[in-house]
Amino acid sequence: MIYSLNGHEIAELFERIKKDFETYGTIDVQGDVIFSKIEKYHELKIARSDKPPKEFLIGRNENVLTLPEPSKKAVFGVMSCDLKGFYIMDRQIYGKDPFYTIKRENTIFVNYVCTEPCKTGFCSAFGGPLMDDYQIQVVNYEKDKYVVYVNDKYDSYFKGFKQASNDEISKVENLMKRFNEKQEKHNVEGIENRIKWNSKLWDKYAKICIQCGACNYSCPTCYCFDLNDVGDERIREWDSCILAGFTRTSAGNPRENLSSRLRQRFYHKFVYYKKSRGVYLCTGCNRCTDDCPVDIEIKEVIDHDYDSE
Amino acid sequence: MITITIANNFKPREENIIEKTRETNDVYTIELASDSNSLPGQFYELSVLGIGEAPISVASSSTERLKFTVRNIGHVTSKIFEQDRIGVRGPYGNHWPFEKYDRILAIAGGIGVPPIRSLIHELKGKKELWVIYGARTPSDLVYKYEFDQWKNLSNLILTVDRGDENWNGKVGLVTKFISEIPNLKNMAAFLIGPPIMMENSVKELLKYEVSPENIYLSLERRMECGFGVCGHCNVGHFYVCEDGPIFKYSEVRDLPEVFL
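Going down the list, the protein sequences come from chains A and B. All residue numbers for the first sequence refer to numbering that gives the first Met the number 0, where the first residue is 0 and numbers rise by one. All residue numbers for the second sequence refer to numbering that gives the first Met the number 0, where the first residue is 0 and numbers rise by one.
Worth double-checking, as some hints may not be accurate.
Here are some, though not all, of the chain A residues that point toward chain B, as calculated from beta-carbon distances under 10 Å [what the hints assert, rightly or not]:
{"#": "1", "residue": "Gln91"}
{"#": "2", "residue": "Trp196"}
{"#": "3", "residue": "Thr248"}
Distance condition first, Cα-Cα at most 20 Å in a straight line; then the derived SDA-like pairs of lysine to any residue [as the list claims (entries may be wrong)]:
{"#": "4", "chain 1": "A", "residue 1": "Lys95", "chain 2": "B", "residue 2": "Pro11"}
{"#": "5", "chain 1": "A", "residue 1": "Lys274", "chain 2": "B", "residue 2": "Pro255"}
{"#": "6", "chain 1": "B", "residue 1": "Lys78", "chain 2": "A", "residue 2": "Val229"}
{"#": "7", "chain 1": "B", "residue 1": "Lys78", "chain 2": "B", "residue 2": "Asn15"}
{"#": "8", "chain 1": "A", "residue 1": "Lys95", "chain 2": "A", "residue 2": "Gly159"}
{"#": "9", "chain 1": "A", "residue 1": "Lys206", "chain 2": "A", "residue 2": "Trp196"}
{"#": "10", "chain 1": "A", "residue 1": "Lys195", "chain 2": "B", "residue 2": "Pro255"}
To be clear, the hints were calculated from the coordinates, so they are not data collected in a lab. For glycine and all other residues, C-beta sits at the position ideal for the given N, C-alpha and C.
Make a model of the complete structure from these sequences and hints.
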């Protein structure tokens, strides 16, 4: 169902959800936007979090030998590009990783749809900010006016709210159309056929990459993790395919060269995942580039003229 | 509350080691108390709590007790032999598709041999099985105490890269002996060992018109989880743990990292 809410009603929705869920949201801490537990809707700062929300589902320093008691969480202020990361990951890890699956089932992400392009994102290459898959999706299309798309599962929280009119829905659709026109264009479609194994890009990046792993950590779709024993616990920690140890075995290391690891990252995103799971492993958030200390640009990987090489 | 019942597939079960055998100076075999419950080619994650886990191929057939042959090379594999009990989870991955074929050539190099031991004991001589097993030196050959039995269950070709004063057998790489197998064209080939050995064996097999559809490779990567979620073991768009470890050559021949 699609509802039409005003600011007061959005706050009311928050209270209704709070009865059943622990509530989290993006808050502003001296200019940093982070996820934190919140008690009131007005604490929420609608801005993209500095880090993606994947920690809600993929733990760090999590002992995998003991399944936790599931806790119900509602996370407000997740941007669409970040929410999309979960739907993309689901295709590989949902139902297989018990920790991820249990948390996924017990968490509501309330995503907010950008109505103006952000500085560096390129989500329109992947369909734009209005998501087809969502739990509760909020579009603040005019001052104090919200169109809220709701998965049937959560419809009960919207009792008494009025349904959005066709007029309001077409206002949102037009806004999205304008958004996608306005955002700079990066044509990702078909990259799996254009990209080249021996492209000079990989060596170029290898010359400057300092192997910090920030691109993986800041990515809303990177799901790889490492297991390390600490005492009587087996600890899950996020891992990075840019680090040499990622593929090292007793028989050697199939990706000893940094350029082969950088290539792997982009091939996983734009070739392998598309082939194995039907979608690109990227949402166009551009965090990997924003957070890269040496300015390796994912957009260049997409836009590069491989044919001329 | 949405309750979904899902087992914690990260959690190993504890197993007693009931027998330990030193195979060579850096390879050992352990036998566990439980039934193998797995097919030739599959693997388990073995663990020592506080140290870590390692993916290890099953060396036993489905009707034996669970058995692993391990090279003492890393921080986990150097500790397993000292234990009375270890953590075990699995089996993971697919198995050699022996059901589909009547004539099979298995080629094993070095410490790749345990899944071929498993195959020999699984088939029990019921199919035409040729085995070429190569090691660097005679002292690197494992399962020496079973070779007489293997000769009854298969046509066995043992070879070493370098012989010694007591070695009367064949000397040379496994590829050298592929041409000795009769009527290769209508056989299936199961390959496991160092990438360079598999790559050269494939070349040789193709020369004798073995179909790329009937050549199978067992790939080795860093399988940490075993069930397709940790992301470490990809080869192209495959994860070795859930799509393999055994791949049809025709499905992987275009992947540039297959023989790494």
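Right, here's what the structure says about each hint:
no.	hint	verdict
1	Gln91	7 Å, holds
2	Trp196	6 Å, holds
3	Thr248	5 Å, holds
4	A:Lys95 with B:Pro11	16 Å, holds
5	A:Lys274 with B:Pro255	16 Å, holds
6	B:Lys78 with A:Val229	16 Å, holds
7	B:Lys78 with B:Asn15	15 Å, holds
8	A:Lys95 with A:Gly159	38 Å, violated
9	A:Lys206 with A:Trp196	17 Å, holds
10	A:Lys195 with B:Pro255	12 Å, holds
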